[in-house]
Amino acid sequence: MLNYYCPSNENLSWIESRGFYLFYTIFLVTYHLILLSLPFTFFTTQMVWTITNISHNLIHLYFLHIIKGVPWISRMDDGNKKETHWEQLDGGVQWTRQRKILTAIPIILFLLTCLYTQNSESHFMANFISLIVVTLPKLPMFHHVRLFNINKY
Amino acid sequence: MLQYESTPYIFNLLFDIIFKAPIYVIFLEGFLLLMVIWVLIHKQTNGSRKLTEEQKKEIIKNWKPEPLVPEVDENDPTLKTRTVEGPIGKYIFVDGHKCLNMSTFNYLGLEEYPQIKKSAIETIRKYGVGSCGPRGFYGTLDVHLELEERLAKFMDQEEAVVYSYAFSTIASAIPAYSKRNDIIFADECVNFAIQKGIDASRSKVVYFKHNNMRDLEEKLIEQHKMDVKKPQKAAKMRRFLVAEGIYLNTGEMCPLRELVQLRSKYKLRMILDESVSFGTIGKHGRGLTEFLGVDKTEVDLISASLEASVESVGGFCVGTHFIVEHQRLSGLGYCFSASQPPLLTQVVITALDIFEKEPKIFKDLNEVCEKVDKKFKELSRFLLRGHPISPIKHLYLKDDKTSSETDEILRKISDQCIKMGLAIVPCAYLPIEKFPQKPSLRVAVNRLLSNEEITKAFNILQRASYEIK
Numbered sequence: 001m002l003n004y005y006c007p008s009n010e011n012l013s014w015i016e017s018r019g020f021y022l023f024y025t026i027f028l029v030t031y032h033l034i035l036l037s038l039p040f041t042f043f044t045t046q047m048v049w050t051i052t053n054i055s056h057n058l059i060h061l062y063f064l065h066i067i068k069g070v071p072w073i074s075r076m077d078d079g080n081k082k083e084t085h086w087e088q089l090d091g092g093v094q095w096t097r098q099r100k101i102l103t104a105i106p107i108i109l110f111l112l113t114c115l116y117t118q119n120s121e122s123h124f125m126a127n128f129i130s131l132i133v134v135t136l137p138k139l140p141m142f143h144h145v146r147l148f149n150i151n152k153y
Numbered sequence: 001m002l003q004y005e006s007t008p009y010i011f012n013l014l015f016d017i018i019f020k021a022p023i024y025v026i027f028l029e030g031f032l033l034l035m036v037i038w039v040l041i042h043k044q045t046n047g048s049r050k051l052t053e054e055q056k057k058e059i060i061k062n063w064k065p066e067p068l069v070p071e072v073d074e075n076d077p078t079l080k081t082r083t084v085e086g087p088i089g090k091y092i093f094v095d096g097h098k099c100l101n102m103s104t105f106n107y108l109g110l111e112e113y114p115q116i117k118k119s120a121i122e123t124i125r126k127y128g129v130g131s132c133g134p135r136g137f138y139g140t141l142d143v144h145l146e147l148e149e150r151l152a153k154f155m156d157q158e159e160a161v162v163y164s165y166a167f168s169t170i171a172s173a174i175p176a177y178s179k180r181n182d183i184i185f186a187d188e189c190v191n192f193a194i195q196k197g198i199d200a201s202r203s204k205v206v207y208f209k210h211n212n213m214r215d216l217e218e219k220l221i222e223q224h225k226m227d228v229k230k231p232q233k234a235a236k237m238r239r240f241l242v243a244e245g246i247y248l249n250t251g252e253m254c255p256l257r258e259l260v261q262l263r264s265k266y267k268l269r270m271i272l273d274e275s276v277s278f279g280t281i282g283k284h285g286r287g288l289t290e291f292l293g294v295d296k297t298e299v300d301l302i303s304a305s306l307e308a309s310v311e312s313v314g315g316f317c318v319g320t321h322f323i324v325e326h327q328r329l330s331g332l333g334y335c336f337s338a339s340q341p342p343l344l345t346q347v348v349i350t351a352l353d354i355f356e357k358e359p360k361i362f363k364d365l366n367e368v369c370e371k372v373d374k375k376f377k378e379l380s381r382f383l384l385r386g387h388p389i390s391p392i393k394h395l396y397l398k399d400d401k402t403s404s405e406t407d408e409i410l411r412k413i414s415d416q417c418i419k420m421g422l423a424i425v426p427c428a429y430l431p432i433e434k435f436p437q438k439p440s441l442r443v444a445v446n447r448l449l450s451n452e453e454i455t456k457a458f459n460i461l462q463r464a465s466y467e468i469k
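For the protein sequence lines, the chains are A and B, in the order given.
By full-length UniProt numbering, the letter at position 1 of the first sequence is numbered 1, and the numbering carries on one by one without gaps.
By full-length UniProt numbering, the letter at position 232 of the second sequence is numbered 232, and the numbering carries on one by one without gaps.
Think of the hints as simulated: they come from the structure by calculation, not from any bench.
You may find that some hints are simply not true.
Only pairs whose alpha carbons sit at most 27 Å apart, straight line, appear in this in silico DSS-like list of lysine-lysine [unchecked claim]:
1) Lys360/B with Lys412/B
2) Lys82/A with Lys196/B
3) Lys82/A with Lys267/B
4) Lys230/B with Lys82/A
5) Lys265/B with Lys374/B
6) Lys43/B with Lys64/B
7) Lys363/B with Lys82/A
8) Lys296/B with Lys363/B
9) Lys179/B with Lys265/B
10) Lys229/B with Lys82/A
11) Lys68/A with Lys229/B
12) Lys50/B with Lys100/A
13) Lys82/A with Lys412/B
14) Lys50/B with Lys68/A
15) Lys267/B with Lys233/B
16) Lys68/A with Lys236/B
17) Lys219/B with Lys209/B
18) Lys68/A with Lys126/B
19) Lys82/A with Lys233/B
20) Lys100/A with Lys43/B
In this text the structure is predicted, and so the values were computed from the model without any measurement.
Isolated chain A (complex conformation) (with noise of 0.2 Å):
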């Protein structure tokens, strides 16, 4: 009765929907404009790319590598609990579609925020930091790997 099995994943079904890149595109896009149009000289061209770059990947880091388990939906069986929603991710089938654009967009963000940049040192630091954080658990030999048991519990 209570260990019912659930085959998808209702947790992440939500990436897997159609129009999901769609959403995200529009809305990084409208970010981004809504801080180009503010009307402050503290947002020149340059420090809205780090500011979009920087936040985009908190928000991946949060959803994909932070929250563990299932804390929307209520459900009863606690098998996933331990890990992350990237790791829950296509049932931690490696090199999947999702998983490959996800962890492209991070990087072709980086590569335009340098170029608007133009390369100054400061906000390639900065970026880059942002990149590695949100890039190294996403590789393949780090599924299920805590380094520095950074969020173990």
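We have chain A already, so just place chain B on it with the hints.
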């Protein structure tokens, strides 16, 4: 810095950016670009390699299916079943031996009353043998409504709800109220139905030591400290206290007065399972609340089985109107299982008639229980556990042995007793019980036992326990 005005072409701009950048940046960016391409063209590896026809045949040939039923030892105790013939009354026929019955829960000996059988037969003539479906779906008959009214009146409560199976009564009542974010405090010796109810509620559960109020209070204080730390979570959390009137697994009576004090002190909601105590203790057989003189409003929900002292099927919950009405939609055992057969419902009504007319039977039963308690305490090889007036008593072996050895000895003693004319059985537990119980022989007392019969049972037990080593 680049001057946007002086670079008319985007390519000029790009080249400018790239050539002005330090060399390590260029390398890194080139590496990342290659990595993106590599990631995007990498093929999915899901481990399924292509097999040739021969390899497939080889694998199929080597495959040996596991047997559906594993091989069992022929001497396994579960394979040795006993056959009972005839009605199950004060005496029963087990494997051809006429035995004094101390194994089934007919505390009051109601089958001696002819009106019970008569009323059942009359109801079969009127309604047939079964009800049509669940209570909310063509399964409600006038007898069910009458029974609920009568039970509420008998227990002196606002309303009652009748379930068709004793196990599912408490197992549905607990999850009807307690949900995922709630917390349940329960005694560690609660019976299996309560354990399953707690499991189904998905609440956090804290087990306290058997009848140990100090342990319970410690755990409540601990919880209170956590509540102070997280007031928002605590505001949403409901707290339940689950106990049994008389514990089926130990025969002990719960200290209801202390529980009720803790309930009001720590604002708990109390659920009391009176499966054993209903119809056996108290002046009118209303159970523990009557026996200890606890106010009915102090216990939020009382649930009881109708399969023990009343000898019908089903169970019921009584409480205030709001509490009972909630179960008519949220009690899963009420909503989704067929209602009680009308003839057995009528049997309960007739039993309630007898309860109301002759409250003397409860006093008789208590006296017999006390006599049995006094006599069986003299058993030299057993330790008796249970409240003196509890109709359920447990006999534990005094010798110091492992539980599997004890199981074996108790089973042999039980076999020997049946041969000598006393039906008494070891308590059977499932391996998935929350806390493993000590193996014991369970004594169920019958109101009709005379002094001679108690002495006879005592002698048989004494002799059997000496014959088995």
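- Item | 27 Å limit on alpha-carbon distance, applied to hinted pair Lys363/B and Lys82/A | violated, 58 Å
- Task: For the pair we were handed, Lys68/A and Lys236/B, check the Cα-Cα distance against 27 Å.
- Result: holds, 23 Å
- Pair hint Lys360/B and Lys412/B, alpha-carbon separation not exceeding 27 Å: Measuring from Cα to Cα gives roughly 38 Å; hence the hint is violated.
- Task: Would you check the hint for Lys230/B and Lys82/A, treating anything up to 27 Å between C-alpha atoms as holding?
- Result: The given pair, whose Cα atoms are some 24 Å apart, holds under the 27 Å limit.
- Query: Taking only the CA atoms, is the gap from Lys265/B to Lys374/B under or equal to 27 Å?
  - Reply: Violated, at roughly 37 Å.
- Does the structure keep Lys296/B and Lys363/B at a Cα separation of 27 Å or less? holds, 22 Å
- Message: Hint check: Lys50/B vs Lys68/A, CA-CA at most 27 Å. Holds or violated?
- Response: Violated, at about 35 Å.
- Item | Agreement of Lys82/A and Lys233/B with the hint, judged by alpha carbon distance not exceeding 27 Å | holds, 23 Å
- Message: Hint check: Lys68/A vs Lys229/B, CA-CA at most 27 Å. Holds or violated?
- Response: holds, 24 Å
- Message: Lys219/B and Lys209/B were given as a pair; does the straight-line alpha-carbon distance stay at or below 27 Å?
- Response: Distance ~10 Å between Lys219/B and Lys209/B Cα, so the pair holds.
- Task: Take the C-alpha atoms of Lys100/A and Lys43/B, compute the straight-line distance between them, and say whether it is at most 27 Å.
- Result: holds, 10 Å
- Taking 27 Å as the top limit, are the C-alpha atoms of Lys82/A and Lys412/B close enough? With Cα atoms ~48 Å apart, Lys82/A and Lys412/B exceed 27 Å; violated.
Violation of the numbered hints given earlier is confined to hints 1, 3, 5, 6, 7, 13, 14 and 18; the remaining hints are satisfied by the structure.
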